[in-house]
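Asks: Sequence:
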Amino acid sequence: MDSFATSTAAFDSWLHRHYDYISDDIEIADLRNSHEGRGLRARNDIQKDTVLFRLARDHILNIRTAALGKLKLGNQEVLETLNQWEALILCLAYEMMLGEESQWSSYLAVLPEKFNSLMFWSSEELEKLKPSNVLQRIGREQAEQMHSKLVPEYCLRLGSKKLVEYLTLDRFHVVASIIMSYSFDVDDPEDEPGDDPEDGEEEDEEIDEIEQECIKYDGYLKSMVPLADTLNSNTNLVNANLSYENDALVMTATKDIQKGEQIYNIYGELPNSEILRKYGYVELPASKYEFAELPLTVIKQTFVNNYISSLDSKIRETLFDKTAELISESEYLDESLEDQEGGIVLDAYEVFADADVLPELLLLIQILTTCYESFETDPKWAKKLARTRSELESFINRCILKSFQLVEKKIITNKCVENLNKCVEGRIAQYGAAQDYEIPASYRDFDRAELASIVLRCEVNCLRNVRNNFPEKYERIDDSKLLKNVLKRKAEADTQKNKKQKN
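131 is the number that full-length UniProt numbering gives to position 131 of the sequence shown; each next residue is one higher, with no gaps.
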C-alpha cells in the first residue's frame, strides 16, 4: 500500500474504535483518479433517512476536547476570550505539533498538506481572476494580523513555548486553510439559556467589541469533525446532512443513494468563486448557487456616462456622489426597510444565475433612473442642484418616495430596466476574453488559470441571464407618469418664475 492508502486504513480503524456507529454500507474511497482525494462512497444501496454514522461529541476536535485547553489550568478561560478562528487555529496547531502523541494523530494524518485555495495563489495567478470581487475576500492581510496577535503572546499564555516556534506564518496559513475547508460550526452544549448577556433584556450597546467576538457569547463551537469532513461537497449532488443531537452528531442520507455512488455533503450555498477561494476547486458546469457581483463603481460610470452629457464630467461625478450619499442617508428608507441594515447603497450587489437581483439593487437603479431622467430634462437645473445640497436633498427624497412606492408594488419603469441592462453590460465588458471561455464538460486536473477562467465564465453567465431574462416578476410601465409626478413641484416653481419674469 502507498502512504495514502496506509493513512486511510489507519484512519478507518481509528474511526471504528471510537465512533458510536458507522454503517457497513459506506466506505472511505480513494478518489484521486477523479482529482477528489478521499470521499465517502456507498458500498450498497442506501435508503433516504438512513443513519450513515454517529459520533459522540467528545470525538470532535474543539476547545473543549483539544489538548491545549487542558495543558495548563485556566487555558479554557483564555481560549474563550478569543474568537472561533483564533482559538481553533491554536488548538489544531498544537495537536499537529504533537504528531503521534496527539489522540487525533490518525485523523490529522489524512488532512491535506498542500492547498489550492486562493490564499496560496501567487499575485500573477490572482491577476487571472480579475475582475471578480472574490479578490477582495482572500483575507491574507487579516490572517497575518491574526498571526501577529496570537504568536507569541497567546502561545506563551497557554503555556507552550514550542508552539511559538512551530506556528510560523506559513504554517499558520496551512492550519487556517484546513479549518476553512474542513470545520463545522457545532452548537455548544455548555451554552445554557440565559448565558447570553442580551437574553431577556434590550441589547446593551455598551458591551465591549472584544467581548462580542468571544467564543463565550457565540452559542456554538467551530469544530473539526472526523469522517464528516471526508465527504466531498457538491451543491447539485448533495445527498447527506450532518445534524446535531444533545450528545452526538449524526450524518444521515437525505436521498436514496445507489451502490457505488459518492456521498456528498454541502459546505454552504456558495458560488464557484467562493468554493475556489475557500476550498481550491470548482464545480462543473457551475455551482447551484452561482452569483456575480455588480459594483457600485460600474453603476456610477453607467449613469455618469449616459446622462446630462452637456455638463462637465467632474460635475456629473460630483452629482452622482452626492445623490448616492443622500440615498444612503435617507431616513424614509431606514424606516421603510427595517430588515435592511446599512441601507441600499452598497459597494457591490449580487446578481444570480436565475436572473434575479437583490431588491436593494433594483430599488437603487429605479431611484437613480428617476433622478437622472429628471436631470436630463433640465441640465442647468441639475448643475445647480450639484451645488445646492438642500434643494438636491429635497428632490432626491421625493424620487426615493415615489420610486419606493412603485417597486413595492412590483412595478418598475422601462428606463429602469434599460439602465440595469446597461450596468450589467458594463460589468460584462470588464471580463474580457473570459466572456467566450467554454467551460469543460468534465473534470480534469485543472491548472489555476483554468480554474480562474471557469469562475469568471460562471459569473458572466449570471450577468447574461439577468440581461436576457430580467424582470419576469415585475410589471413594466412607461417613465413619463412617474417623472411628471416627481417633477410636479419643479414645474410649478418654473411656472411661477416665468410669470414673475413676464411681469
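Honestly, the hints are just simulated from the structure, not real lab data. Any given hint might turn out to be false.
[To be verified] Okay, derived cross-link-like pairs now, DSSO-like style, lysine-lysine, Cα gap no bigger than 27 Å in a straight line:
| hint | residue 1 | residue 2 |
| --- | --- | --- |
| 1 | K72 | K259 |
| 2 | K300 | K72 |
| 3 | K402 | K380 |
| 4 | K149 | K162 |
| 5 | K278 | K216 |
| 6 | K383 | K322 |
| 7 | K216 | K300 |
| 8 | K114 | K300 |
| 9 | K255 | K322 |
| 10 | K130 | K259 |
| 11 | K259 | K288 |
| 12 | K488 | K409 |
| 13 | K72 | K130 |
| 14 | K490 | K473 |
| 15 | K300 | K402 |
| 16 | K70 | K162 |
| 17 | K300 | K130 |
| 18 | K380 | K488 |
| 19 | K380 | K481 |
| 20 | K288 | K128 |
| 21 | K383 | K490 |
[To be verified] Label-pair distances were calculated between CB atoms; the ranges are:
| hint | residue 1 | residue 2 | range |
| --- | --- | --- | --- |
| 22 | N246 | G74 | 24 to 32 Å |
| 23 | Y220 | R489 | 32 to 40 Å |
| 24 | E325 | K410 | 37 to 45 Å |
| 25 | L135 | A491 | 21 to 29 Å |
| 26 | D445 | S309 | 33 to 41 Å |
| 27 | D445 | L237 | 16 to 24 Å |
| 28 | Q258 | D478 | 29 to 37 Å |
| 29 | R43 | D445 | 49 to 57 Å |
| 30 | G343 | H16 | 28 to 36 Å |
From a predicted model like this one, the values you see are computed outputs, not experimental measurements. Just so it is clear, CB atoms sit at the ideal spot from N, CA and C, and this is done for glycine as well.
Asks: Decide, hint by hint, whether the structure agrees.
Replies: Hint by hint, here is what the structure shows:
1. Taking the CA atoms of K72 and K259, the gap is about 48 Å. The hint is violated against a cut of 27 Å.
2. This hinted pair does not check out: K300 and K72 have alpha carbons roughly 56 Å apart, beyond 27 Å.
3. Restraint check for K402 and K380: the C-alpha separation of about 23 Å stays at or below 27 Å, so the hint holds.
4. A hinted pair counts as satisfied when its Cα atoms are at most 27 Å apart, and K149 with K162 qualifies at roughly 17 Å.
5. Distance check on the hinted pair: K278 and K216 sit about 26 Å apart at the alpha-carbon level, within 27 Å; holds.
6. A distance of roughly 12 Å separates the Cα atoms of K383 and K322; the hinted pair therefore holds under the 27 Å criterion.
7. Pair hint K216 plus K300 does not hold up; C-alpha atoms about 43 Å apart against a cutoff of 27 Å.
8. A threshold of 27 Å between alpha carbons decides the hint, and for K114 with K300 the separation of about 41 Å lies outside it, so the pair is violated.
9. With a C-alpha separation of about 53 Å, the suggested pair K255 and K322 falls outside the 27 Å cut-off, and the hint is violated.
10. Distance hint between K130 and K259 is unfulfilled; the C-alpha atoms sit about 42 Å from each other, more than 27 Å.
11. A threshold of 27 Å between alpha carbons decides the hint, and for K259 with K288 the separation of about 24 Å falls inside it, so the pair holds.
12. For the hint linking K488 to K409, the alpha-carbon distance of about 22 Å falls within 27 Å, and the restraint holds.
13. Note on K72 and K130: the hinted pairing is violated, with a Cα-Cα distance of about 47 Å set against a maximum of 27 Å.
14. A distance of roughly 33 Å separates the Cα atoms of K490 and K473; the hinted pair therefore is violated under the 27 Å criterion.
15. Straight-line distance between C-alpha atoms of K300 and K402 comes to about 21 Å, which keeps the hinted pair within the 27 Å bound.
16. For a cut-off of 27 Å, the pair hint linking K70 to K162 stands: about 16 Å separates their Cα positions.
17. The straight-line distance between the Cα atoms of K300 and K130 is roughly 19 Å, inside the 27 Å bound, and the hint therefore holds.
18. Using a Cα cut-off of 27 Å, the hinted pair K380 and K488 holds, with the two alpha carbons roughly 17 Å apart.
19. Taking the CA atoms of K380 and K481, the gap is near 22 Å; set against the 27 Å cutoff, the hint holds.
20. Of the supplied pair hints, the one linking K288 and K128 holds, its CA atoms being roughly 23 Å apart against a limit of 27 Å.
21. Distance hint between K383 and K490 is fulfilled; the C-alpha atoms sit about 15 Å from each other, no more than 27 Å.
22. A hinted range of 24 to 32 Å for the beta carbons of N246 and G74 is consistent with their spacing of about 28 Å.
23. The beta-carbon spacing between Y220 and R489, approximately 53 Å, falls outside the hinted interval of 32 to 40 Å.
24. The hinted window of 37 to 45 Å between E325 and K410 is violated, with their beta carbons roughly 28 Å apart.
25. Judged by the Cβ atoms, the range 21 to 29 Å given for L135 and A491 is violated: they are separated by roughly 47 Å.
26. Separated by about 51 Å at the C-beta atoms, D445 and S309 break the suggested range of 33 to 41 Å.
27. Range check, D445 to L237: about 20 Å between beta-carbon atoms, so the 16 to 24 Å window is met.
28. At about 55 Å, the CB distance of Q258 to D478 disagrees with the hint of 29 to 37 Å.
29. Remark: the range hint 49 to 57 Å for R43 to D445 is contradicted by a beta-carbon distance near 27 Å.
30. Here the CB-CB span from G343 to H16 is close to 54 Å, at odds with the stated 28 to 36 Å.
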